[in-house]
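Dock chain B against chain D, hints included.
Take a look at the letters that make up each chain.
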Amino acid sequence: MGSPDNNPGIGGAEGLVDAALAGDRRALARLLTAVENRTPTAESALRRLYPLAGRAHVVGITGPPGSGKSTLVASLTSVAREAGRTVGVIAVDPSSPITGGALLGDRVRMQIHAGDNDVFIRSMAARGHAGGLASTSSAAAAVMDAAGFDLILIETVGTGQSEVEVAAAADTTVVLEAPEMGDEVQAIKAGLLEVADLVVVNKGDRPGALRTASQLRAMLVAAPRAGDKRAAGDRPRPKQPVVLVTTASTGAGVPELLAALDRHRAITRDAAAPAARRARAEAQVWAVVAERLRERLASDGLRATSDAVLADVADHRLDPYAAADQLLAALTTDQPK
Amino acid sequence: MTDRPLKVLIAKPGLDGHDRGAKVLARGLRDEGFEVVYTGLRQTPEMVATAALQEDVDVVGLSILSGAHMTLVPKICRLLGEAGLDDILVTVGGIIPDDDVPALKAAGVAAVFGPGTTIAEVADFVRANARHRG
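Chains D and B supply the protein sequences, listed in that same order.
The opening residue of the first sequence carries number 1 in the working numbering; numbering runs sequentially from there.
The opening residue of the second sequence carries number 1 in the working numbering; numbering runs sequentially from there.
Rather than coming from a laboratory, the hints here were simulated on the basis of the structure.
Each hint can be trusted.
Only part of the chain D face toward chain B is listed, based on derived beta-carbon distances under 7 Å:
| no. | residue |
| --- | --- |
| 1 | Arg-26 |
| 2 | Ala-29 |
| 3 | Gly-100 |
| 4 | Gly-101 |
| 5 | Leu-103 |
| 6 | Arg-107 |
| 7 | Val-108 |
| 8 | Ala-114 |
| 9 | Ile-121 |
Computed from a predicted structure; not experimentally measured.
Using N, Cα and C, we set each Cβ at its ideal position, and we do this for glycine too.
Chain D extracted, bound-state conformation (with noise of 0.2 Å):
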């Protein structure tokens, strides 16, 4: 099989960075996917490029299937074009759980960047992963951070209540509304609208625009504010998003939105940045390790005592708990090489 390290032209990891650096947009595809199917290249890539970002503003937008999402990324990208900013967008859409294929179609949207050398847009299959991004969206979005792109979307799959994942893959997430989508008690349950630093109520020209925007003000901001210590105590406190209303498709509201952001950007740079970027360190951390500790545990050494307590599992011989443990320590017992 064919990969990026016998790439005629390009070289290996090393050259494949060093033309990304360059500016060189097909060795940056090619890193995104060696990153999207884990390759050598992609760890020796990222152990480079890694320390090289962080200075991007990484941007996630979330919300339901068919709010606008890929029309407003499109939008926000003519904007902080106008503003002299590059972008990087990673539009990720589902993986059928049944053949593995996907239908990539956020591009249709975003075709009018197309001749634009400073925007860079890739579609993302989901792979199977759960929570809204594929497993690797996190990683792509550093590579290019470390390409030096100013500005990076982060578009989730169609999302409902729980894909919250979204917020610890970006400094700021957004998460997309469409107008007359459900009542007070949906802006209160807890959830995805937990995590959006803004709320955005797209398809601003349709009837009932301004009253979702209101509804959602009146329940999201009824919270106990952040400086409330009575309130809250050393408990985890909610955010306190700001409600704007976007019209994506004419880019009414839009650059008020990136100006929202900018506002976001500034405020978290300073003050919550060290536990915020903690928090996403973890996240990232956590799942490379599940993944790892996936992967071993189908490793040869491996296979027959993973098949051997998931069997039991599901003949109800053994509950998932006490298999888990089993499994931790068969870990334990085979190291590695």
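Below, chain B without anything else, positioned relative to chain D:
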């Protein structure tokens, strides 16, 4: 991972507005286990080449019903070559007269699929001929 899906760009260059075929194929290839990037109608050759580069696809499938294939297809193949993407498998579908097929193949097209081609035939051809790119 070793058996990662092949990535296919389905694009409709030119001005005809009939993308039912392209959508049916995109969906069919999804069901065959491919990761399919669909870019929509009215793509310029430059848009197709940019999408192929950024998405790092293994295959570009072009759907053309307008009769402009002799202009559009060689141009797309040339742009892909100039971008260093000549290892991408290019296939064409739509209404292509038999007489034009040799010239398209000379321009770099691996296969031309006319009306009546089944999705399984396209999928099998792509699996057999696309270069897996890591």
